[in-house]
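With the hints as a guide, bring the two chains together.
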Amino acid sequence: MGMKPLLEVKQIDLAFGGVKALTDVSFTVNKGDVYSIIGPNGAGKTSMLNCISGRYQPQQGSISFKQQEITRMKPNQRSSLGLGRTFQNLALFSHMSVLENILVGRHHLLKNNFASGPLYWFSGAQKEELEHRRTVEEIIDFLEIAHIRKKQTGTLSYGLRKRVELARAIALKPDMILLDEPMAGMNQEEKEDMARYILDLNEEWGMTVVMIEHDMSVVMGISNRVMVLDFGSKIAEGLPEEVIDNEHVRRAYLGEEDDLLEAAV
Amino acid sequence: MISLSMRPCGDFRTSYKADNQIFETSTIRWLVVATIIALCFAPLVLDAYFLTLFIQVAYLGIAALGLNILVGFTGQISLGHGAFFGFGAFASAWLNNEFGIPVWLAIPLAGWLTMVVGMIFGSPAARIKGLYLAIATLAAQFIIEDFFARAGWFSGGSYGAAAEPVSLFGYTLDSDQSFFYIALFALVFMYLWGTNLMRSRDGRAFVAVRDHYLSAEIMGINLNWYRLLSFGISSFFAGIGGALYGHYLGYVSAEGFTLMMSIQFLAMIIIGGLGSVFGALLGTIFIVLLPEVLESVVALIAGTGLLPAGSVAESMAYFKEMAVGLVIILFLVFEPQGLAHRWRQIKAYWKFYPFAY
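Protein chains in written order, with the working numbering: chain A, 1 to 265; chain B, 266 to 622.
The following block holds chain B by itself, in its conformation from the complex (with noise of 0.2 Å):
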């Protein structure tokens, strides 16, 4: 975290409310406010692709926010967040097929039973540390993959559970259009949810178990339960994001949910920014996008004719993996803070030119 003022000369701050706001300038705010509501035409301009695209950044998104308070803020780290996320999508079909519970409600259900199974696959949190909790964390990832081939009664065993959209006040909600505001809503509200959680008491009591966590104890922070809280809040949002997901695609299978898309979930924190709510956004996007560049350069080179056209397309897949992983590698040299922090320099850049600083 860099302490760089991006206000600009005469912006004083007067009470203490005006200093503890999210944006730093309300220029910020009005452009994040713009922002949103631009957002909110887009199904009237954007095609369907693009449309599919920010809904995979709102559900992906919301899980890495909760990914990143439980790594990047509390300083704890997790290899079965996937499965977390596949458990969410399962529990809000389930609640919705098993007890007719409407979807709307499933889905926030969803989070919390997600919250509890994460808080009981945390709990060895509170005795163990780094890559010993890794360790513990990847049994989770494979227990509840296997949970999920096998519980028919909940998730439909291999045959997958479908999954119904959500319908509000009679309408069925179901177009890449109509569910764009459902992801709008559901990114928006979760990113200030995490946004004050972090300048609340609960969210400093999570960094303050990071940086020390010896005199966090002594400050009267409760270790063993805020390491199980952060995995249950971790949980929640995967819980959230996969439940948007089931109920996106209509049908959730056992197969997608990996220790890969676990890694995937790691790669965007640690490219978007360890303990940044934004960073995660970033990040988000990053991976999301990734694949649809990496398409096009493939596009461009098999245009070409260089190449035989065959041999590219095959490769395609090969190439998406290798291009995460070489990612990963390029921003743990060169930029271990993420985007969030070139972003930073970005905007400090363009307030100090022509000056260095």
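In isolation and in its complexed conformation, chain A is listed as follows (with noise of 0.2 Å):
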């Protein structure tokens, strides 16, 4: 493909003291992938996905998204470059509903501020709430989640809590969304829902997907591309075939001794 591609990761290294979390890792992400990053426990999958979304500063190495540099950027600047995520372990305001976790998603797209929201109905803010509420409401069908809209998220389900947390992520109108271990903790059922949403996001609202997964038949299923990370280093990339296959990757899951490996460490 000759365009240039929305994320690009160069030679990241992220070491915390002494302990190597990332060691020079790149790769790509082209507009409308769906890019699955896996590999063992401690690997540093979650670590690679902070560094893009902004919670950890890699030492070095960049990474830019829309051919924007943004590895020294705030985290709280690249949601309105458009970057979302979810986490891992839930990140839901517990104490608010539904419908204001997603609102707050929309805090970047939203104007009005601790001086004119108070004067909400001379000073256009009742207006605005309403129209982002609207826009909130079709993420809410979407994700089918309508009845629990007015529920405290600390009181739901463990699968209801991170589809609202996907559905936060969903409002902050991401071009690219970071999704870590999505189908956690989730029963057949409910994983199947969450894959469909995901290809839902990627292939009607024209989302950029980056997740990671442990689950190898969603990985398989609904990724057209796959790094695998094992010890802080990229042990392999390609189609989701092709890295099945491929003997580091299996030597990574069983636990056995590579000499790749050994080289990179």
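Read the hints as simulated data drawn from the structure, not as lab findings.
Even for Gly, the Cβ is constructed at its ideal location relative to N, Cα and C.
Just so you know, not all the hints are guaranteed correct.
For lysine to aspartate or glutamate, the following DMTMM-like pairs were computed, each having C-alpha atoms within a straight-line distance of at most 20 Å [unchecked claim]: (1) B:Lys282 / A:Glu131; (2) A:Lys191 / A:Glu128; (3) A:Lys150 / B:Asp439; (4) A:Lys150 / B:Asp476; (5) B:Lys282 / A:Glu128; (6) A:Lys151 / B:Asp284; (7) A:Lys150 / B:Asp284; (8) A:Lys151 / B:Asp276; (9) A:Lys31 / A:Glu190; (10) A:Lys150 / B:Asp276; (11) A:Lys66 / A:Glu128; (12) B:Lys282 / A:Glu138; (13) A:Lys150 / A:Glu131; (14) A:Lys151 / B:Glu560; (15) A:Lys151 / B:Glu289; (16) A:Lys127 / B:Asp284; (17) A:Lys173 / A:Glu137; (18) B:Lys282 / A:Glu137; (19) A:Lys10 / A:Glu204; (20) B:Lys282 / A:Asp141.
Label-pair restraints from in silico Cβ distances [unchecked claim]: (21) B:Ala391 / A:Gln68: 21 to 29 Å; (22) A:Ala115 / B:Pro619: 43 to 51 Å; (23) B:Leu524 / A:Gln188: 54 to 62 Å; (24) A:Glu137 / B:Phe315: 45 to 53 Å; (25) A:Ser157 / B:Gly515: 54 to 62 Å; (26) A:Ala115 / B:Ser443: 28 to 36 Å; (27) A:Glu131 / B:Tyr446: 32 to 40 Å.
In structure tokens form, the structure reads like this:
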């Protein structure tokens, strides 16, 4: 393809003191991809996602999104650039209702502030809030969570909370959405639903998806590119079928000695 | 926060606007409006004692709401709210005495000045949290108190400052009856302001910062700014409350704005309900009425003649302090969500009676 990649990660090094979390990781994600990152526990998958979303700053390397250098950009500035994400361990605002949680996602798109918001009826804040409410309701319809929209998120079941978190990330109106284990802890039916939502997001809403997932049937089923991390290094990348047959990947998952890894570490 | 719907059967919401209104049912809304209208006639009926109590509830309640925005909604802590309250009182008197700014304008301006001061002293919040922030705001309390005592040009030093009464359209509102309307207007205005803040963008951002600051940041919320802004808004409310207090008493003395006052504001919002606009008002009413009720209880005990009369009167002062402490402990143990939560439960009880839920 002649077009430039949406996300370009170049030679990322990330270390916490003496512990190397990521070593020389590079990859690119094209617009429209469903890109999966897999690997054993502690391989550095979430650290990679945290570098992209701004939670961590890598010591070396660069990350560019939409041809714009974002390596040192603050996390809250990345959302208006079109980056959204969900978390592995639920990170909802547990005392707010589902509706309010999703509305927080609209933060960077709303204009009313501490001075105009309180003048609700006179400053146009009401009109603006209601317009965004309409958009939020579309997301609620899409994810089929209308029945819980007024519930406090702290009281919801795990599967529903995951869905609310996805809704909140969609509300950011991102071009690329980062999903950290969207199916963890779900039963088969919930997983199938979630896979459907992710595909719809990708195909109908036009969002590029980068996700971390352990369930290999899901990864094989919905992603079109896969990267494998082990001990902070990229050991394979390619089409799902290629990756699954890769010798290094098999070893990483079975925990055997691997000369390629030795060389990298 | 409990998500019990208080709407009667068949009361469906057919527009987002209707779904987003402040009061849950139109009955509640009309009751509140009726109460406010009834209050407008209060000065004609009630004697000065009750008017004084109401005015106290108004200026303290405004400041308490500010503290609740900081502590209850944003999840920060301040032990210097009493000092900000005092700063508002002095600032308004100073603006009026020094520059001849009319009082009705000096009060909001004092609010803005206090907001700036609050943001300066709140700036450590960008870096520190919890106990460390508590100590930092404690420092603010003492620095500002010291400033009142030393800055003679601003506060009149140990003499204090005279604060002119409010005058509007040539009328001087210096009686309890007339100031009552100022207090009522300010209370309604500021509580509406707070309520609307909490259902718009920045109010949600505050709660998001409280509940999960890491994901709030990913959602595009600038943590430092909102932590600072929360201090600013909280001080703004304190400043308005303080300014009203000053112009009501006609005189501001440097002695009143101690740590004890800051703790009392914290007591109000803990008793009323952290993170509830209505709770701030309930808590203020509670704390204002507590000494009055105690006084009548003590009078009752003294009236029985079981105790020597002199000793009761002497220990009265200790009773009040102890009672506030005791009440906070009891609320923390039995009703940590405050009076606002209890109020919702009472409503639920009536709605569902005779069933338990």
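Are A:Lys151 and B:Glu560 close enough, with their CA atoms no more than 20 Å apart?
-> violated (44 Å)
Could you tell me whether the CB distance from A:Glu137 to B:Phe315 stays inside 45 to 53 Å?
-> Taking Cβ atoms as reference, A:Glu137 and B:Phe315 lie about 47 Å apart, which means the hint holds.
Satisfaction of hint between B:Asp284 and A:Lys151, Cα-Cα up to 20 Å | holds (14 Å)
Could you tell me whether the CB distance from B:Leu524 to A:Gln188 stays inside 54 to 62 Å?
-> Check passed, 59 Å falls within 54 to 62 Å.
Mind checking the alpha carbons of A:Lys173 and A:Glu137 for me, to see if they're no more than 20 Å apart?
-> holds (14 Å)
Mind checking the alpha carbons of B:Lys282 and A:Glu137 for me, to see if they're no more than 20 Å apart?
-> holds (13 Å)
Starting from the range 21 to 29 Å, see whether the pair B:Ala391 and A:Gln68 falls in it by beta-carbon distance.
-> This hint holds: roughly 26 Å between Cβ atoms.
Quick one, are A:Lys66 and A:Glu128 close enough, alpha carbons at most 20 Å?
-> Distance of about 28 Å is beyond 20 Å: violated.
Within 20 Å, alpha carbon to alpha carbon, are B:Lys282 and A:Glu138?
-> holds (16 Å)
Below or equal to 20 Å on CA atoms is what counts here, so check B:Lys282 against A:Glu128.
-> It holds: about 11 Å lies between the C-alpha atoms, which stays within 20 Å.
Does B:Asp439 lie within 20 Å of A:Lys150 when you go C-alpha to C-alpha?
-> violated (47 Å)
When you check the alpha-carbon spacing of B:Lys282 and A:Glu131, does it fall within 20 Å?
-> holds (10 Å)
Hints 2, 3, 9, 11, 14 and 19 from the list above are not met by this structure, while the remaining hints are.
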